[in-house]
Amino acid sequence: MEIHYTAEQIAFRDEVRAFLKQELPADISRKVKLGKHLTKADHERWQQILSRKGWYAPGWPVEHGGTDWGPVEKHIFDEETSAAGAPRTIPFGVAMVAPVIIKFGTEAQKQQYLPRILSGEDWWCQGYSEPGAGSDLASLKTRAVRDGDHYVVNGQKTWTTLGQHANMIFCLVRTDPEAQQQRGISFLLIDMATPGITVRPIITLDGDHEVNEVFFDDVRVPVENLVGEENKGWTCAKYLLTHERTGLAGIGASKAALSHLKKIAAKQEKGGKSLLEDTLFRAQIAEVEMSLMAAEVSTLRIVAAASEGGVPGAESSILKVQGTEIRQAITHLMRKALGPYALPFLPEELELDYDGEFLVDDYAAAPASTYFNMRKLSIFGGSNEIQKNIVSKMILEL
Amino acid sequence: MDFKLTEEQQMLQDTAARLVRDVYTFEKRLEFSASDAGFSTEFWQQLGELGLTAIPFAEELGGFGGGGVETMLIMEQLGRGICLEPYMESVVLAGGLIGQLGNEQQKEELLGAIASGELQASVALEEPSSHYNLYDVQTTARQSGSEWLLSGRKGVVIGGHTAGKILVSARTAGDVRDQQGISLFIIDPNAEGVSRRVYATVDGRKGCELFLDNAKGELLGTAGDAYDAIRYQSGRAIAALCGEAVGAMRTACDLTLEYLKTRKQFGVPIGKFQVLQHRMVDMISELERGTSMAILAACLADDKDSEERSAKLSAAKFIVNRAARYVAEQCIQLHGGIAMTWEYNGAHYAKRLVMISHQFGDDDHHLEAYSNQLVVA
Ligand SMILES: Cc1cc2nc3c(=O)[nH]c(=O)nc-3n(C[C@H](O)[C@H](O)[C@H](O)COP(=O)(O)OP(=O)(O)OC[C@H]3O[C@@H](n4cnc5c(N)ncnc54)[C@H](O)[C@@H]3O)c2cc1C
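Chains A and B are the protein sequences, given in the same order.
One point on numbering: in the working numbering, the residue at position 355 of the first sequence is 343, and numbering is uninterrupted.
In the working numbering, each number is its position in the second sequence, counted from 1, plus 108.
By construction, these hints were calculated from the structure, which means they are not laboratory data.
Check before you lean on any hint, since a few could be wrong.
Said to hold, decoys possible - Calculated lysine-lysine pairs in the DSSO-like style (CA-CA distance at most 30 Å, straight line): (1) B:K412 <-> A:K226; (2) B:K412 <-> A:K381; (3) A:K19 <-> A:K9; (4) B:K372 <-> A:K129; (5) A:K376 <-> B:K324; (6) B:K372 <-> A:K381; (7) A:K220 <-> A:K98; (8) B:K412 <-> A:K129; (9) A:K21 <-> A:K62; (10) A:K220 <-> A:K129; (11) A:K376 <-> B:K380; (12) A:K243 <-> A:K62; (13) B:K112 <-> A:K220; (14) A:K9 <-> A:K28; (15) A:K243 <-> A:K255; (16) B:K324 <-> A:K129; (17) A:K220 <-> A:K21; (18) A:K28 <-> A:K381; (19) B:K112 <-> A:K226; (20) A:K226 <-> B:K369; (21) A:K376 <-> B:K369; (22) A:K381 <-> B:K380.
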């Protein structure tokens, strides 16, 4: 057993670090580290930089523009980009719909969509959840009825993250209402500019616009936009969900957040000392850091097993729960570090071009909002309760 | 020992409950929050007309001579509606400080007006680096002729943006963190040398930062001796906040339980899932724990000052802070995505519940305070 990276892996890590040092725009990483709002243009700028380097789609096969990295390299890459304050990759195109197209799509679909994802021409969003279908995704009701060369789609999707920026949406729709729940579902790619689509913002509790409702009213979608077979969309969905879950532990993001927490604690005062020197507060940072250490080793174990061809099972659900709890604990401590100054709600200070005086400091406007926003982590991507159901079904044999 | 309410207390509770129910619908609350004042001036008036702002004051000042229990009963109802009015700040805290430290003239001039609701006062005790230690005072006051002039910065003054008077702690002697040498002053927020930066708060209220530059202040009590009163009265504020938290937790639990019964997934109400039943029970168990400590705090709030009273009030705030956070987080979790939205009432309860811990000490602050006074024999 060996806990350290090999010499090649360290060389790879250094290469990634050097690249980030050179190429990651300072204004973007500053925004990320301070929890400020990223614009669509920020995301696109960073994506272009990665694309040029050939590193935007590490998970894809090389022939489509991916890399030949193994799981350990991918992990190192995630880790380093988070630590450097790179924007998280918006997963819907590159890490969600693309793997499905690569696995189940036609040659024409691959030709049409994959290059546009790499180049950033298409911004995808995920149309799974509906008002009545959250954890019980298979109860979804959005209907697609075949009419000649088209499907006519009617219904509503909700919680569509960053749908306001998207020009494409991948949807699960019901094509056979008679069949048993999972059987009558199909996977459709829909152009958001098609007549009949309305996007409405949902404002989250922190006052942000990050999710949307998407309404479909007689939306005509060409049949060639079906991925896989009709009524077999659940297979695509399941495939995608396992892809989604492994990234959800967010170890890299938590490490970056933890180091930001330490910076905040070093600046916030209590009793004439910094909070970092306050035994009680320091101990809480230590506690979460140790949990994170354990989660990181767990991740590495999964990563190592995957590079030997293993398929992550219950472990990835366990890690999703642990990882999200750790991230939430960090945001709790950041909010706590501000003391009474967690109360002021200063969204204007979250804009990078804010040129007024900071009430406290440039880091102080984000933590309370972030704390509430991060409650989502234990709800989406399969809620933490659902993850535990999965784990118990998989391994307990009760 | 008796945990029953008297007939009068029962009536008081009913009056407050009815008023909150009638006025504080979800939509109305959002409107009040978005208004300039950040709360309903009309509701504030109604609190006055119904005598609710007069409850803790002596009868000769037009009050009802109520104690901690009466305050808790009102605060609990204000918590049920997550009402935005600075009742605690004006009635409990400013009123309490003036009552304890003021001379006859100040009491006469101010307490009657606070009791009737005519005057909304606020209190500025925190500073950028005080972090709940109210003796950590850097703002200074110096005497110039017969006047006191204050300079410095006070932070997160809830209700300070609309207040007719603000009570400000400032140092007249001693070192930054000495308990001696702290004085309280009454300032007129519109006076020369006072400026404010007004902001909304995460829980939908409004407050301000107070910048003082040789601003005139009227001394309350004797110079240098205000800290005992500040500590004592912030104990009353803590008890009031505990009452408010209990009210807000109760509504958050009600909303969650209702949702468990109505939201269906996998063909059944989600309340059928045992894990959620247990979680709901844990929420109620936290609410129970919090209720007990809020009652304890209410019963001690107006007792004679003592170390035991202070320690128990710290214990109450510690337990209530933790309970409030648990209820807030689980309220969101058990609702799923819906409670992540501005449009859903439960989200606003969660925000207020978490923010209560940022007023008058979070769990760390009170854990430390309690352990420092731990009785070991
Ligand atoms: C910020 C945010 C962004 C999102 N982005 C997207 C997106 O881009 N695209 C998309 O399609 N969806 C998205 N979602 C939706 C997300 O996937 C759902 O919120 C999630 O599936 C939970 O569904 P729900 O909100 O309807 O909660 P419900 O399923 O109604 O769950 C409510 C509660 O019941 C619990 N529960 C449900 N079933 C069980 C069970 N069997 N056993 C035990 N407990 C159970 C849940 O854990 C939860 O605590 C997003 C959600 C949020 C909050």
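For B:K412 and A:K381, compute the direct alpha-carbon distance and say whether it is at most 30 Å.
This hinted pair is violated, its Cα atoms lying about 59 Å apart.
Checking one constraint from the list: CA of A:K243 to CA of A:K255, max 30 Å. Satisfied?
holds, 19 Å
Given the hint that A:K376 pairs with B:K324, test it: the Cα-Cα distance must not exceed 30 Å.
At roughly 62 Å apart (the allowed maximum being 30 Å), B:K324 and A:K376 break the hint.
Check the hint pairing A:K376 with B:K369 against an upper bound of 30 Å on the C-alpha distance.
holds, 22 Å
Run the distance test for A:K226 versus B:K369: straight-line Cα separation, threshold 30 Å.
holds, 29 Å
Proposed proximity, A:K21 with A:K220 (alpha carbon, max 30 Å):
violated, 42 Å
For the pair supplied as a hint, B:K112 and A:K226, is the alpha-carbon distance within the 30 Å limit?
violated, 57 Å
For the pair supplied as a hint, A:K376 and B:K380, confirm whether the alpha-carbon distance does not exceed 30 Å.
Cα-Cα ~16 Å, so holds.
Pairwise hint evaluation, A:K381 against B:K372, where the allowed Cα distance is 30 Å at most
holds, 21 Å
Proposed proximity, A:K28 with A:K9 (alpha carbon, max 30 Å)
At roughly 22 Å apart (the allowed maximum being 30 Å), A:K28 and A:K9 satisfy the hint.
Is the Cα-Cα distance between B:K372 and A:K129 30 Å or less?
holds, 14 Å
Take a quick look at whether A:K19 and A:K9 sit within 30 Å of each other, Cα to Cα.
Within the cut-off at roughly 16 Å; holds.
Checked against the numbered hints above, the structure breaks hints 1, 2, 5, 8, 13, 16, 17, 18 and 19 and satisfies the rest.
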